[in-house]
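Undergrad: Residue strings, one per chain:
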Amino acid sequence: MPGSEQGSNSVAGVSIGRRGFLAAGAGAFLCSIGGQEILVEKAGDAAKADAAAARVKKPAGAKAKIAATAPGTSVVDQLEFATPKPQPGGKVVEYWIQATAPLWDIVPTRPRRDYWHGTRIAGPSVFRAFAYQLMTEGFASTAGPAAIPGPTLECEVGDVLRVHVRNGLPDKYAQAITMHPHGVRYTPDYDGAYMGDFTRAGAYIGPGEEFTYVWEAVPEAVGAWPYHDHGPNHTLNSMRGLFGAIIVHPKNGPRADVERVLFLHSLAPPTTALKRVFQCINGRAYAGNTPTIEVKAGQRVALHVFGIDDAFHDFHIHGHRWRKDGGNFSTDNQTVGPAETISVRFTEDNPGRWLYHCHVMSHQDNGMAGFYLVTP
Amino acid sequence: MPGSEQGSNSVAGVSIGRRGFLAAGAGAFLCSIGGQEILVEKAGDAAKADAAAARVKKPAGAKAKIAATAPGTSVVDQLEFATPKPQPGGKVVEYWIQATAPLWDIVPTRPRRDYWHGTRIAGPSVFRAFAYQLMTEGFASTAGPAAIPGPTLECEVGDVLRVHVRNGLPDKYAQAITMHPHGVRYTPDYDGAYMGDFTRAGAYIGPGEEFTYVWEAVPEAVGAWPYHDHGPNHTLNSMRGLFGAIIVHPKNGPRADVERVLFLHSLAPPTTALKRVFQCINGRAYAGNTPTIEVKAGQRVALHVFGIDDAFHDFHIHGHRWRKDGGNFSTDNQTVGPAETISVRFTEDNPGRWLYHCHVMSHQDNGMAGFYLVTP
Amino acid sequence: MPGSEQGSNSVAGVSIGRRGFLAAGAGAFLCSIGGQEILVEKAGDAAKADAAAARVKKPAGAKAKIAATAPGTSVVDQLEFATPKPQPGGKVVEYWIQATAPLWDIVPTRPRRDYWHGTRIAGPSVFRAFAYQLMTEGFASTAGPAAIPGPTLECEVGDVLRVHVRNGLPDKYAQAITMHPHGVRYTPDYDGAYMGDFTRAGAYIGPGEEFTYVWEAVPEAVGAWPYHDHGPNHTLNSMRGLFGAIIVHPKNGPRADVERVLFLHSLAPPTTALKRVFQCINGRAYAGNTPTIEVKAGQRVALHVFGIDDAFHDFHIHGHRWRKDGGNFSTDNQTVGPAETISVRFTEDNPGRWLYHCHVMSHQDNGMAGFYLVTP
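Residue numbers (this note's numbering), protein chains in the order written: chain A, 34 to 409; chain B, 34 to 409; chain C, 34 to 409.
Just chain A, same shape as in the assembly:
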């Protein structure tokens, strides 16, 4: 897919055996897609999953009502739900977002470089991603580039998020997508999770279609949460980049001065058709390509860290420590699993250039690291 970006996996002075590229996990995964199980373990397999996803027809429940004759159906499948409204004093926060398929460079510096280790990174590093792209009101135009992760959706307790999602994937990927949120409250209509015969509105946004999700920022939702595709091809599409973050702030509460979201995930050959695994943060690999976070001493910092692949990660930042899950236990290194959140909060007091990285040994050296810069 990335065209001329594909090719040799060696550059002058850098040569890694095939297994080397795969050292941190071959990246194979099994997809259950409408009637079939498909193993995605090598470059061509993603196309098979896409073809299977293209064959998944819009379920009755996504058009009108779930058939009362569906095998295994329950009374709950016939329930009807009101659309949530903001709490008194709350507001509606609206976003327009389209799913699209940009070319995405995992190591955009040229020459490709790991600025931590001073290492030259062998190319190619561009693949066909799937990403959520922020649009202006009414999908009038793009409001920024399609990116991994997608736009961060923010609101306060008592608000309602109205998220208009359009399936803008190119025709060749003729498949449904969705947006499934974590943390916020929603009725089954706004779950965004394809469920075969039990699928409801919002859980199958076909090619060219739009859907508006309505989610409530209940008090228990304060924090940061991932959202991601949960349509018929959710596993592959999430791996490709169809994910982003929601932040629910306390009502009128204090906010961090610097708040960032960091997704830890691999981009592997079965997903990218590239020749090696990259261990990524926000779709990029290696310090200088991954987010460089800039903070001033005295600022309140919140780093929301998510896993979003098949692996478990361990988030470490040099020169700092925080209270694990807001309790009494002090840590500088915390486990985070797929779609799990850890929130690293502290007041900045230590100027300098610092590393942050996944402490899984082979992940840190395979790209899952970045710089955190503090000025006095």
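The hints are simulated quantities; they were obtained by calculation from the structure and are not laboratory data. Computed from a prediction, not measured in an experiment: that's the story for all the values here. Keep in mind that a hint or two might mislead.
All copies of an identical chain are treated as equivalent in the list; a pair is satisfied when it fits inside any one copy or across any two copies.
[What the hints assert, rightly or not] Below, a list of computed lysine-lysine pairs in the DSSO-like style, where the Cα atoms sit at most 30 angstroms apart:
id, residue 1, residue 2
1, K118, K284
2, K308, K81
3, K75, K90
4, K75, K308
5, K329, K96
6, K98, K118
7, K329, K98
8, K124, K284
9, K118, K329
10, K91, K81
11, K96, K118
12, K118, K91
13, K205, K308
Got chain A; can you put chains B and C on it based on the hints?
TA: Just chains B and C now, kept in the frame of chain A:
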């Protein structure tokens, strides 16, 4: 073992390469069994482990006392312990349980089906499990089918659990088993852990033998805990299904209206002699086969989730969130490792059909998912 | 390297296939070392990583100042920092430690034996480790054997740790090492993390060189933390054994009567050039070789458990339970990732011989277990 259930791994319209079946982990593991290390990595290897286990003789300490001449022996090996009694106001709660070896269907729906994705699951799916089976008083008769997990053992703080365990494995599996509990208090005699020369009573229940464990529900044991085989062949036998749960309730405290235990684990070819890995919940794979949990709005829910294999899992339930470990951090997705417990507690307020699943991407599509149904 | 210790992997009555030795993880990892990525997946590859590390020259910033012309440089790279001093009432705690390369026996009992399962362990089990060794003041002489883990560094809140580190690796390993601490506070000069062009003093201790780290025991650092090599070859060198623990005690606070550090990690063929994987605790595998912990009833116990490899582990101790992260949730089995800490604290009340082990099934049977002995 499963006889006519074994055979081709393809059915009409469904075909997965061998590696596909194994995508989520090949399921090999090393067993240390009385004098030998045995790798269980393919179908026939389990028989080798069984043969090794059959050669493990009953240690002296399991019959009378640990030999004072055992290499590495300590004064603690000669200690004698009283049998615990209930606290004032407490009671003795008795269970009769036998270990047996049922044929077990991982995907019992016919045709085999994943009701989440609407996917036809290729068979066969029956294997020879090991399971704890609830019996009536005095082992008079069976009190239910042998199942994965075994019976949930419940008591209150101050009580004593008296658990009578019989090794009812068929003659061909001529090996000792035990029951090792987590969380509750016990003396070394009731630990249920085979330890070679240091083995005590209760840590080797030979073929046809019985043993009565006595465990104390101390205040710190409030919560849910796994139990499992910890005899000479514990790793393989735990993988086969010899596990279950203990719930210790507060004395006269409030109880959940709906309380369920969910074990996350794989059943892989080295263990099952089947041709593919199944990612399971309570011994079943794929929604519609795994537990369907039914709840009414307003009910207090407690879901106790355990890992019980070589992997780490991440438990997610749609449309809900809970306080991680009872603290202040809100989550809807929590890591759980082998023999670890997470307790998901909330008051139900969101009617509909919801998914619960492991959020490890390839686990969710490989069977580790189920339905959670809420009526108004 | 271990010379005559290498050879056949079978002994009388014990034979395991090659894959068997590798069952719990092949132990391959990718190293990014000054200009190159090197896969360490088999015995000879460590030498390639060493050769690459030997080619990494001392960066300008480790000698004097970071070059203002370094690509990607920031104002923070030109900051200068004062050396921390103890708080009023605090003290300076000094250590002299050298990095060296001892021969290390993973299973030192003879005959090699797993005292838990009564299993004979096939040799060889000696490899060329890298380890931190405690020295007397001024590096006058050794103060104990080079060991895995290195010396435990202890201080109280308000103190400053002054740790003098010498690179005493044999000439054939002509590479820089460092000591990077977790938890304590330090300026960038004392981070001990090699960062290519952004490297500062203390992040490149060349062959034969010395450096003095100065770290502050701030109040939030109370607890136990790992330290480890973070030089140009950090991943391989940490795998080899260049790690240890720091314990920061509360000022004048109560201390545990028995306090131990337990590092969970694998020693695999790519690192050891041995023929099998060993799942280790503190560099040893199998009960009787791993630490045997001896405690008396009534003593306050603190076990600080760390991961220090590519894997996640699950720490379990029989017959006991503790409050997870000091909160309200009771556990006897807790997940711990690479360079993460869990602190297991309780007052001893249960005499006997107990097992402690990683509950990842194949880890427990592959050596990651030990004995915990309690006298009345």
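Undergrad: Compare the structure with each hint and give your call.
TA: Here is how each hint holds up against the structure:
1. K118 - K284: within (16 angstroms within a copy, 42 angstroms between copies)
2. K308 - K81: both (19 angstroms within a copy, 22 angstroms between copies)
3. K75 - K90: Answer is within: at 26 angstroms inside a copy they meet the 30 angstroms cutoff, but 39 angstroms across does not.
4. K75 - K308: both (10 angstroms within a copy, 21 angstroms between copies)
5. K329 - K96: between (51 angstroms within a copy, 27 angstroms between copies)
6. K98 - K118: The answer is within: 23 angstroms in one copy meets 30 angstroms, while 58 angstroms across copies does not.
7. K329 - K98: Between copies only: 22 angstroms across chains, 54 angstroms inside a chain, cut-off 30 angstroms.
8. K124 - K284: The answer is within: 11 angstroms in one copy meets 30 angstroms, while 45 angstroms across copies does not.
9. K118 - K329: between (39 angstroms within a copy, 23 angstroms between copies)
10. K91 - K81: within (19 angstroms within a copy, 50 angstroms between copies)
11. K96 - K118: within (23 angstroms within a copy, 62 angstroms between copies)
12. K118 - K91: Classified as within: same-chain Cα gap 28 angstroms, cross-chain 62 angstroms, threshold 30 angstroms.
13. K205 - K308: within (23 angstroms within a copy, 34 angstroms between copies)
The structure shown violates none of the earlier numbered hints.
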